[in-house]
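Chains as they are written, first to last, in the numbering used here: chain A, 3 to 503; chain C, 9 to 164; chain P, 451 to 774.
In case anyone wonders, no lab produced these hints; they're calculated from the structure. Be aware that one or more of the hints could be misleading.
Unchecked claim - Cross-link-like lysine-lysine pairs, in silico, DSS-like; alpha carbons within 27 Å at most:
(1) P:K557 to A:K188
(2) P:K483 to C:K105
(3) P:K557 to C:K105
(4) P:K587 to P:K597
(5) A:K188 to P:K631
(6) P:K739 to C:K149
(7) P:K730 to P:K716
(8) P:K756 to P:K483
Claimed, not checked - One side of the interface only, derived from the structure: several residues of chain C facing chain A at Cβ under 7 Å:
(9) Q37
(10) V41
(11) P52
(12) M55
(13) P56
(14) L63
(15) V90
(16) I93
(17) C113
(18) F117
(19) L151
(20) L155
(21) P156
Note that CB positions come from ideal geometry on N, CA and C, so glycine has one too.
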Amino acid sequence: METLSLLLNGLSIAIQPANLLFALVGVVLGTAVGVLPGIGPAMTVALLLPVTFKMDPAGSLIMFAGIYYGGMYGGSTTSILLNTPGESASIVTAMEGNKMARAGRGGPALATAAIGSFVAGTIATALLAIFAPWLAEVAIAFGPEDYFALMVVAFITVSATFGSSRLRGLTSLAIGLTLGIVGIDKLTGQPRLSFGVPDLLDGLEVTTVAVAMFAVGEAMAVAAQRGKEGEGTVEAIRGSLWMTAEDWRRSWKPWLRGTAFGFPIGALPAGGAEIPTFLSYAAEKRLATNPEEFGHGAIEGVAGPEAANNASAAGTLVPLLTLGIPTSATAAIMLAGFQQYNLQPGPLLFVTSADVVWGLIASLFIANVMLIVLNLPLVGLWVRLLSIPRPWLYGGILVFATVGVLAAKASLVELGVVLALGLMAYGMRRFDYPIAPVVVGMILGPMAETQLRRALQISNGDASVLVTSPISATLLAVAVLALLGPMLWARLGWSMKADED
Amino acid sequence: MDVDRKRPDRPVVVIGAALLAIAAVVVWQGFQVRASFGSQALGPQMMPFLVGGFLAVLGALTVVAGLRGEAPARDPDEPVAVVWIAGGIAAMLLLIKTAGFIPACAVLFAATARAFGSTRPAVDLAIGAAMAIVIFVFFAKVLGLSLPSGLAESWF
Amino acid sequence: MSTITRREAVALGAGLAAVLAHPAIAQAPTELKLLAPAAPGGGWDQTARTMQSVLTGERLVRSAQVTNVAGAGGTIGIAQFVNSSRGDPGALMISGFVMVGAILMNKAPVTLDAVTPVARLTGEWQALVVSAASPIKSVADLAAAVKADVSRVSWGGGSAGGVDHITAAMFAGLAGADGGKVNYIAHSGGGEAMAAILSNRVTVGVGGVSEFEQHVKSRRLRWLGITAPEGTAGLPGPTLTAGGLKLELQNWRGVFGGPGLSDAQKAGLGEVVEKMAKSKAWADQLAAKGWQDTYLAADAFAAFLKEENARVEGVLRNLGLVRA
Numbered sequence: 003m004e005t006l007s008l009l010l011n012g013l014s015i016a017i018q019p020a021n022l023l024f025a026l027v028g029v030v031l032g033t034a035v036g037v038l039p040g041i042g043p044a045m046t047v048a049l050l051l052p053v054t055f056k057m058d059p060a061g062s063l064i065m066f067a068g069i070y071y072g073g074m075y076g077g078s079t080t081s082i083l084l085n086t087p088g089e090s091a092s093i094v095t096a097m098e099g100n101k102m103a104r105a106g107r108g109g110p111a112l113a114t115a116a117i118g119s120f121v122a123g124t125i126a127t128a129l130l131a132i133f134a135p136w137l138a139e140v141a142i143a144f145g146p147e148d149y150f151a152l153m154v155v156a157f158i159t160v161s162a163t164f165g166s167s168r169l170r171g172l173t174s175l176a177i178g179l180t181l182g183i184v185g186i187d188k189l190t191g192q193p194r195l196s197f198g199v200p201d202l203l204d205g206l207e208v209t210t211v212a213v214a215m216f217a218v219g220e221a222m223a224v225a226a227q228r229g230k231e232g233e234g235t236v237e238a239i240r241g242s243l244w245m246t247a248e249d250w251r252r253s254w255k256p257w258l259r260g261t262a263f264g265f266p267i268g269a270l271p272a273g274g275a276e277i278p279t280f281l282s283y284a285a286e287k288r289l290a291t292n293p294e295e296f297g298h299g300a301i302e303g304v305a306g307p308e309a310a311n312n313a314s315a316a317g318t319l320v321p322l323l324t325l326g327i328p329t330s331a332t333a334a335i336m337l338a339g340f341q342q343y344n345l346q347p348g349p350l351l352f353v354t355s356a357d358v359v360w361g362l363i364a365s366l367f368i369a370n371v372m373l374i375v376l377n378l379p380l381v382g383l384w385v386r387l388l389s390i391p392r393p394w395l396y397g398g399i400l401v402f403a404t405v406g407v408l409a410a411k412a413s414l415v416e417l418g419v420v421l422a423l424g425l426m427a428y429g430m431r432r433f434d435y436p437i438a439p440v441v442v443g444m445i446l447g448p449m450a451e452t453q454l455r456r457a458l459q460i461s462n463g464d465a466s467v468l469v470t471s472p473i474s475a476t477l478l479a480v481a482v483l484a485l486l487g488p489m490l491w492a493r494l495g496w497s498m499k500a501d502e503d
Numbered sequence: 009m010d011v012d013r014k015r016p017d018r019p020v021v022v023i024g025a026a027l028l029a030i031a032a033v034v035v036w037q038g039f040q041v042r043a044s045f046g047s048q049a050l051g052p053q054m055m056p057f058l059v060g061g062f063l064a065v066l067g068a069l070t071v072v073a074g075l076r077g078e079a080p081a082r083d084p085d086e087p088v089a090v091v092w093i094a095g096g097i098a099a100m101l102l103l104i105k106t107a108g109f110i111p112a113c114a115v116l117f118a119a120t121a122r123a124f125g126s127t128r129p130a131v132d133l134a135i136g137a138a139m140a141i142v143i144f145v146f147f148a149k150v151l152g153l154s155l156p157s158g159l160a161e162s163w164f
Numbered sequence: 451m452s453t454i455t456r457r458e459a460v461a462l463g464a465g466l467a468a469v470l471a472h473p474a475i476a477q478a479p480t481e482l483k484l485l486a487p488a489a490p491g492g493g494w495d496q497t498a499r500t501m502q503s504v505l506t507g508e509r510l511v512r513s514a515q516v517t518n519v520a521g522a523g524g525t526i527g528i529a530q531f532v533n534s535s536r537g538d539p540g541a542l543m544i545s546g547f548v549m550v551g552a553i554l555m556n557k558a559p560v561t562l563d564a565v566t567p568v569a570r571l572t573g574e575w576q577a578l579v580v581s582a583a584s585p586i587k588s589v590a591d592l593a594a595a596v597k598a599d600v601s602r603v604s605w606g607g608g609s610a611g612g613v614d615h616i617t618a619a620m621f622a623g624l625a626g627a628d629g630g631k632v633n634y635i636a637h638s639g640g641g642e643a644m645a646a647i648l649s650n651r652v653t654v655g656v657g658g659v660s661e662f663e664q665h666v667k668s669r670r671l672r673w674l675g676i677t678a679p680e681g682t683a684g685l686p687g688p689t690l691t692a693g694g695l696k697l698e699l700q701n702w703r704g705v706f707g708g709p710g711l712s713d714a715q716k717a718g719l720g721e722v723v724e725k726m727a728k729s730k731a732w733a734d735q736l737a738a739k740g741w742q743d744t745y746l747a748a749d750a751f752a753a754f755l756k757e758e759n760a761r762v763e764g765v766l767r768n769l770g771l772v773r774a
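Same shape as in the complex, but just chain A:
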């Protein structure tokens, strides 16, 4: 009850007219910068942080929350419309959302993303308010062996989304794993697959690879099929601009499931947003009544991952606020923001500055509402972008995509990587190799490797840690079940069919 009264007190501060105005300004600025290519929420917050310095702590924190949510939403808008994800967390959104947009369903895609973000953000913020201190204790108990087990679960469930041919799906995955090796090994500082090129020492940027594989590869494949009937046409609007009753029916469960994946994993110090979005996508595909629609614009594939992305963002606030541990680039920037006001997030923050913390949580609620109020009316406007004549639309996408790559890292080597991988992605499309496993392998591969090796390094090479930790043992059991379950199921189904013959 004390929690509730503190929260209400925070809300009463946040809904003062001046603070509502700050929230609005924050959301507008955040969205405007977030839609720019190559600028994810972390950079949005970093660039706009100085704007908030001039205000009192309460007002600037509120504006800050608005910028943060606006930046996240702006990023998914460009992912959906232009297939140019600005950060790894919106890659899954781009996969299914852009297919929807190109089929004239950009309106519902943007709407389900916005409402899903709102639902997930609201639920996750509520969970944050109630469970933060308790959850933080659980989260730091997660060790490297437990993370490794979590990655194994992710690999196995996500492999269900690898397309028609197992050989080609695994080949795509292997290519992704190879790309993930490039750069300095995190644990030993040794360069790998860098061929002495200094620009490659930090590894390939996930967004560079995603932009090359999605936007550039796609543009090449579509251009090459030009002139054939119905190939690669882009329709701005077909059917309703708004979500239909059917869309709502198909969206609400994915929103909730996405939140269930996103919040707890986001709260883990090494959880991140990628794994929950992958898991959400895999779960939606498996649970869907029409899984064949996935890969061609299934609304569940946008609703779930986008909710997971937002919920995980709220999740990262758990370790940040309660322990002062920044677990993502955005959280690290937020920490810097707190320190500007001589606030040190950590165990003492709830005691020493309770009003500020609850003010922030309240302003997250407000920013969330503001975001949806602002953005839903804009959906129609955004979707009009797609009615630009195709030569200019794709010309614009390519300029946007390359600028995004250069904004993240102003290096010509990066542009060369875009060219090489774009051509590879075109070839992969031509020979029916799925694209998603490349990105999955590139993101999950290094994570799994690092955690496994770290676990063994701490245990001095004793591999039994992988099964003696209760968390990792449970997760590995889930993984085995996920792997063998469908096989047993299939065998059972097959044998029953054989009996019928």
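Please arrange chains C and P on chain A, whose structure you already have, making use of the hints.
Leaving out everything else, chains C and P in the frame of chain A:
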């Protein structure tokens, strides 16, 4: 057994061979990595060896699939369009540090538009340049971010 | 209007100085280009942007522009700086301890020898901490454990070859073990490392003092020691030296000018930076960010660098991270 023998699919065999070549490079690079401080239970070489081996198996299977003619059906396409886009990016790469960001973007825009059937390169260049100017001014002047720049940007 | 007059006065003064110039008189630049060899948001970028706001806010220069060139611990940035800023009296690059290590480890073709040291500006002391539940109570306990079996003591901290790793290796060496065999568990970013330290998964944690302060106050962690010299004011915990192991190290940041500057140009840059570093606005910014003022002027900074470079190279060589 009466196997349905198809003709070997040459491009697929080439893909398999390319995968084998990449596998070889990855494994070779694995040998170049040296362990350093402390005792690493699993060193930095593990991943290159594992992934290299995985790629080699997949490459071999792809070669076999190609020889057996097991490949997905492909629509004929127009490689010229792909060359236009790839050429646009390559041109951007060459122009960006010399002529500058804005002309480089304009050329990429026009080349891509050409790939999609546009026949008015002058108009395309103008639109591309206008877009690039807006982007450049916003990034460099409003946000204070640096984009690679050349001759054209020295006027700003 | 008065501001313009003042600016004109400065310009006039500069002009006069140039007219009267003999090489020893400083030529202070009026327009500065600051290169942060890292992505926006990090420590070097924040240093650059803080300098920008103080330099222009205090009207020490007419304009200051920040450029980011990220990559490979700053070695990409320094290579570009050396190419583009030769003899440019208005160009400054931010750098720091991390770059010293990165240059050595990446065998970077361009080193800090190619640029002109202008000033050391800020620094942060390193700290060793243990979880509250740890059986290790003192520096001596840790030193004994390290000496007994160096591989049994796991260290949690930031990236391999970074300042945390070097601190750990130096400690092991001073404790009488082989610093090259230190069981260092590298983490990317502070968050992951902190979780490992708080949950007592690693024997000892190493990082910047400010990262740990809150956790020590809330009694989750205990200080073992801080890498500051004995007698340093304002430390939140004891020094390592007081604990019986003399290890002094700071994670510093400073600024460099381009190659090939004349003595007058060098003095001019130094003068502007010194005015900035002595201003109240700068002190306020440091306090807000929790940075220590460790200002050193050009010559002292150059001597410091020389020593630092030799020390870091020795440690990295022993770790096998630098090879001949």
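Right, here's what the structure says about each hint:
no. : hint             : result
1   : P:K557 to A:K188 : holds (17 Å)
2   : P:K483 to C:K105 : holds (19 Å)
3   : P:K557 to C:K105 : holds (26 Å)
4   : P:K587 to P:K597 : holds (16 Å)
5   : A:K188 to P:K631 : holds (17 Å)
6   : P:K739 to C:K149 : holds (26 Å)
7   : P:K730 to P:K716 : holds (24 Å)
8   : P:K756 to P:K483 : holds (26 Å)
9   : Q37              : holds (5 Å)
10  : V41              : holds (5 Å)
11  : P52              : holds (4 Å)
12  : M55              : holds (5 Å)
13  : P56              : holds (6 Å)
14  : L63              : holds (5 Å)
15  : V90              : holds (5 Å)
16  : I93              : holds (5 Å)
17  : C113             : holds (5 Å)
18  : F117             : holds (4 Å)
19  : L151             : holds (5 Å)
20  : L155             : holds (6 Å)
21  : P156             : holds (5 Å)
The structure meets every hint from the earlier list without exception.
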